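**Student:** Now for the letters of each chain:
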Amino acid sequence: MQKSMIRYLTISFLALALLVSCGSNPVRELPSVTVESPVFENKYFSDPVFDYVYKTNISVYGNDLSGIVIVKKIKGNAHRVVFTTDFGNKLLDFEISENDFKVNSIVEELDRKILINTLREDFRLLLREKFQIESQFENETDNILESKDKKKYNYLFVSKNGKKLHKIMHSSKRKEKLSIIFQSENNIFADNITIQHQNIKLKITLNYLKN
Amino acid sequence: MKIRNIVMFLLLFVGFAAFAQEQKMSDREVAVFKQSVNAVSKKITSLSTDFVQYKHMDFLAKDIETSGKMVFKQPNLLQWQYKKPYNYSIVFKNGKILINDEGKKSAMDVGSSKIFGKLNKLIVGSVSGDMFDDNEFSISYFKTKDNNITRLIPKDAALKKYIKLIELTFDKQDATVTQVRLMESSEDYTKIVFKNKILNAKIDDSVFNN
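Taken in sequence, the protein lines are chains A and B. Counting in numbering that gives the first Met the number 0, the first sequence runs from 0 upward without gaps. Counting in numbering that gives the first Met the number 0, the second sequence runs from 0 upward without gaps.
So here's chain A without its partners, still in its complex pose (with noise of 0.2 Å):
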């Protein structure tokens, strides 16, 4: 009994990993076109004398929380990151570039392995500002960029109407993990973010705060 459980078991699973895995990933479908440029700029958090400052909400399995983000670049290529309550307490502060990441400060209640390593590898795809292109595809109204990202791949959607990157899409070869939506008036600012996760139910969402 026990035996044909576990058997009935596995091959779900493997039925289940080889339905998912047969889902192929729809850029690759879409006719790929020459590379225009070997490296695509995300501009949106590049200027090191501006206060980057979101009202972020914070949507995890069904909890919500609010508050306010402060992105400011610093030296180089690193980005120090503050998230703060609205009364201005604050919860978390780190820096990040694409190869360090450092926790300032953070609370008690978040300092949770899962949750800092979600945050790190978003906010380093958020605020990396070079790409190297591999390939390029095209659908109507898009040109988009694929990037190598170690074993994963980031899909830039630039809009062939005003050049503006309007989303990321982190990916493995065949399933979308993550996606990043800019929306942006120009090419240099985002209005507003909104980070969303396809494996885990974490949707952040950022709106520029205009003082």
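Some hints here could point you the wrong way.
[To be verified] Covered stretches of chain A, as calculated for chain B (at least 3 residues, CB under 8 Å): (1) 43 to 52; (2) 60 to 71; (3) 82 to 89.
[Claimed, not checked] Label pairs and their in silico Cβ distance ranges: (4) A:199 x B:154: 35 to 41 Å; (5) B:171 x A:63: 40 to 46 Å; (6) A:46 x B:186: 20 to 26 Å.
[Said to hold, decoys possible] Computed cross-link-like contacts, DSBU-like style, restricted to lysine-lysine with a CA-CA straight-line distance of at most 30 Å: (7) A:209 x B:194; (8) A:101 x B:160; (9) A:101 x A:129.
Please keep in mind that the hints were generated in silico from the structure rather than gathered at the bench. Model, not experiment: these values are computed from the prediction. For glycine and all other residues, C-beta sits at the position ideal for the given N, C-alpha and C.
Here the structure of chain A is known, so what remains is to put chain B in place on it, guided by the hints.
**Tutor:** Coordinates of chain B only, in the frame set by chain A:
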């Protein structure tokens, strides 16, 4: 020698300037001050005031400014409402915290979080000035021409992690709080300035429905 003289002069001058601005209260002055604040805060049945909040962090080019209205009604109803640059209001009521974030409502128990209970007490205390609890804080007292200033260092280890020092500035005229500064570290603080304060007006409980 000359340079040393200049440095000495500067040190003295700066020291003197600082003293001219702010002086430590004498024991007698402290007693009188505490009595007047307690007398005023005892008479407060309600308080509503506009406020501007400045979040200062050393790495920012300018402070983050938010503003709104605060309403307090005895014994423990408090609404803190941000209107600019976004709508967000938080009500402390019967051991609960009610949040209205641009129309999105949520609630949580203060009881479930000891630190929130302490923060609640601290916020109400900051506004009414009823904060002179020597068991909770190490308190020092100063005066300037127009204001009395108290600096409170939390004794509670949990609270101390969030707030290193609370500075309350009182108007000498009416002995109510005009400014609160919550220092998280030497570089970071939140400053809240109260304006257009109205004492003891009739306030309906429905204000705190959020």
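**Student:** Against this structure, judge whether each hint is valid.
**Tutor:** Now the hints, each set against the structure:
no., hint, verdict
1, 43 to 52, "holds (count 4)"
2, 60 to 71, "holds (count 5)"
3, 82 to 89, "holds (count 6)"
4, A:199 x B:154: 35 to 41 Å, "40 Å, holds"
5, B:171 x A:63: 40 to 46 Å, "43 Å, holds"
6, A:46 x B:186: 20 to 26 Å, "22 Å, holds"
7, A:209 x B:194, "22 Å, holds"
8, A:101 x B:160, "19 Å, holds"
9, A:101 x A:129, "21 Å, holds"
No hint from the list above goes unmet by this structure.
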